[in-house]
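Protein sequences, first through last, are from chains F and H.
So the first sequence is residues 961 to 1129, counted in the working numbering.
So the second sequence is residues -12 to 118, counted in the working numbering.
If you're looking for bench data, these hints aren't it; they were derived computationally from the structure.
Treat the hints with care, as some may be off.
With a cut-off of at most 27 Å between alpha-carbon atoms, the simulated BS3-like pairs for lysine-lysine come out as follows [stated by the list, open to error]:
| no. | chain 1 | residue 1 | chain 2 | residue 2 |
| --- | --- | --- | --- | --- |
| 1 | H | K109 | F | K1043 |
| 2 | F | K1022 | F | K1127 |
| 3 | H | K33 | H | K115 |
| 4 | H | K115 | F | K1043 |
| 5 | H | K(-7) | H | K111 |
| 6 | H | K76 | F | K1043 |
| 7 | H | K9 | H | K44 |
| 8 | F | K968 | F | K1022 |
| 9 | H | K102 | F | K1043 |
| 10 | H | K44 | F | K1043 |
| 11 | F | K1127 | F | K1086 |
| 12 | H | K65 | H | K109 |
| 13 | F | K1123 | F | K1022 |
| 14 | F | K968 | F | K1004 |
| 15 | F | K1022 | F | K986 |
| 16 | H | K44 | H | K65 |
| 17 | F | K1043 | H | K65 |
| 18 | H | K(-7) | H | K102 |
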Amino acid sequence: MNYFELFKLPPTFGLDVATLESNYRKIQSESHPDRFVTASSAEKLASMQTATMANEAYQTLKSPGLRAAYLLSLQGVAAIDEKNNQMPADFLMQQMEWREAIEDAENARDVSTLESLLDEIGGAGKNLQESLKSQFQHHHLSEATTSTRKLIFMDKVRADIVKSIEKLD
Amino acid sequence: MAYSDKVLDHYENPRNVGSLDKNDPTVGTGMVGAPACGDVMKLMIKVNENGIIEDAKFKTYGCGSAIASSSLVTEWLKGRTIEEAYAIKNTAIAEELALPPVKIHCSVLAEDAIKAAVADIKAKQSAKATI
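This is chain H alone, in the form it adopts within the complex (with noise of 0.2 Å):
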């Protein structure tokens, strides 16, 4: 399959690979997997007291597509709030990639690692308000 020249450059230069610190009360981490196709993402952010993104990391095992969907997110992260980052939608990272419809589910797969993400620092601001 032909791959757009933006899958390329992030499959082969992909940004923000590697893991911020799970245990860190501010990094928020979103596993995701697609039975689909038996890939797996993780992305973890990194959010300050205003609750903007500091920094974003991520690994995906799965094929050129998930890669880059995966990276692309983490520059678009960084400097957005966790609100900003939630409303992110599949069909704007599918676009600026320019994903064939049977790589669309690689698109589906970030937003779903955001939300997820999201979902767990949200959850970790929460237990540490109750404190």
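This is chain F alone, in the form it adopts within the complex (with noise of 0.2 Å):
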């Protein structure tokens, strides 16, 4: 079974988060310990290895570079290659950029900068989501291949500038 299986959701890019949430809020209660103080070790075993599997599950759909990849790697994709460093240099610097900015605002205690930043990149985010969209529509994985590559870089620096907000409220 795969994930998408798992939520009982179409193996989509675009998929719909309100029914992510509730389906795996509904198998993790089911599989809540809790309810299997009287089973047998066996469905004891069992609903705990649901409940991880959910938990992992849910982690990887919730966050769309990793959702994105996932569904490469269902297609036969290997969009993560650890041995594969190589990025379009103009994105390496956009990054570099971002970072910079975020490190001086942070050490400057400038939480409106590190929010409009948060706009800036949330939204290039957002732009790169919407063409993958397209591209798995399309079946044109080999540009959804370094979409989702650059996606995994932009669900990062927004994460971590979020982080950098709340450390600094």
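Once you've looked at the hints, go ahead and assemble the two chains, each given alone in its own frame, into the complex.
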């Protein structure tokens, strides 16, 4: 059973996040250890395995970059290869500029700059997600692989800004 | 995860953090990023007329192992020729820092950054030679 099947979702990039969350909660509560206090050890083990898989599946599908990479892996494409760190130079330059701007704003404890960077990077990430939707729909897997690799960086930098805003607040 | 003492040392006191002038014809820049984790790394080397690396600086945004790997290579690079630099293997970095298997990719990233910086300085040198 793959992650999409587990949550009874169609295997698409543009999935319905609300359905993902409610189906995840349902599985978590159905496989909660409290329900298996008097069950056999085989049933306890099975419910624990379901809960673990549901957690992994949820973490993967919730993140746009990891979701795209997982979709590609279902089609036999490895978007994440630890031996392949080649990314377009202009893309890396932009990542570095964002990272340096975030670092400067953090040091200056400048939350409003961090928030505007979050908007800017969030917007760029959304555009990338729109491209990915269409690339998956048209089975342009090579373009989708490039977009997926970029999206993982965008998700990371976005998550890091959210963390530093929380730290300063 | 438990980091080795050497990783912690480089993480807490990173060597040679910063930038060199990227427009300087004797400076090579290598930029790489790991899609596995979203880490980005920039390595800059200043090479003299004898092909020896006089200075090296890095900036890495990523986990402790990625920072330690790039900090360590800046120490190794100074005084070496660009050919010697190009021959540095990720396994040597991983071994020196005692990186666990899940962090080997951080040393691969550092090796890739060296190769990218050497390629950049060679491109600059041959561009100069043709003028």
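Going down the list of hints, with the structure as the test:
| no. | hint | result |
| --- | --- | --- |
| 1 | H:K109 <-> F:K1043 | 23 Å, holds |
| 2 | F:K1022 <-> F:K1127 | 23 Å, holds |
| 3 | H:K33 <-> H:K115 | 16 Å, holds |
| 4 | H:K115 <-> F:K1043 | 32 Å, violated |
| 5 | H:K(-7) <-> H:K111 | 35 Å, violated |
| 6 | H:K76 <-> F:K1043 | 13 Å, holds |
| 7 | H:K9 <-> H:K44 | 11 Å, holds |
| 8 | F:K968 <-> F:K1022 | 15 Å, holds |
| 9 | H:K102 <-> F:K1043 | 14 Å, holds |
| 10 | H:K44 <-> F:K1043 | 23 Å, holds |
| 11 | F:K1127 <-> F:K1086 | 25 Å, holds |
| 12 | H:K65 <-> H:K109 | 17 Å, holds |
| 13 | F:K1123 <-> F:K1022 | 18 Å, holds |
| 14 | F:K968 <-> F:K1004 | 23 Å, holds |
| 15 | F:K1022 <-> F:K986 | 16 Å, holds |
| 16 | H:K44 <-> H:K65 | 10 Å, holds |
| 17 | F:K1043 <-> H:K65 | 26 Å, holds |
| 18 | H:K(-7) <-> H:K102 | 24 Å, holds |
The structure is inconsistent with the numbered hints 4, 5, although it conforms to all the rest.
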